[in-house]
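Full structure from sequences and hints, please.
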Amino acid sequence: MTEPRWLDAFQQRDWRAYVEGSVRLTDLLDRDLKAKHGLTMAEYEILVRLSEAPDRRLRMAELAEVASQSRSRLSHTVSRLECKGLVARGTCGADKRGVNAELTEDGFAFLSKAAVDHVATVREFFVDVIDPADLAAIGRAFTAIAEQVAKAR
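First residue of the sequence shown: 364, per our numbering; consecutive thereafter.
By construction, these hints were calculated from the structure, which means they are not laboratory data.
These figures come from a predicted structure and were not determined experimentally.
You can take every hint at face value.
Straight-line distance between alpha carbons at most 27 Å, and here's what the computed DSSO-like set of lysine-lysine pairs gives: (1) K397 to K447; (2) K399 to K476; (3) K476 to K447; (4) K397 to K476; (5) K447 to K399.
Structural data, given as structure tokens:
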């Protein structure tokens, strides 16, 4: 049995700073979206992903993947967005078994307003407090992390 590779003091400090900072930031972003727009971060992410998709439409399976949600969780979240009139579901053209989620016109208008506030909060509490070189390093680091996690699936 191999000895665990414990974190040294610097690695442990940085790991804990990441955990605390990411939890606090995510909580702040979620509270801000709920207070200003009645949206959760998960709902906002779905609206953003649909807004960026061709024809503002994605298959539910693909949307679950890009929004980092299980299919079951995504289905519940899309149902809430449907009740608000922001998203509509429909069958996939050639594949009648598949289901698409589509951002409605009301959903796009709603997202356009929410995005202004969300980006301002992201800037205030993330982008503008980090040195540009450190921000680029964070981008590279989390790209590598996302790729490593994707390999582990």
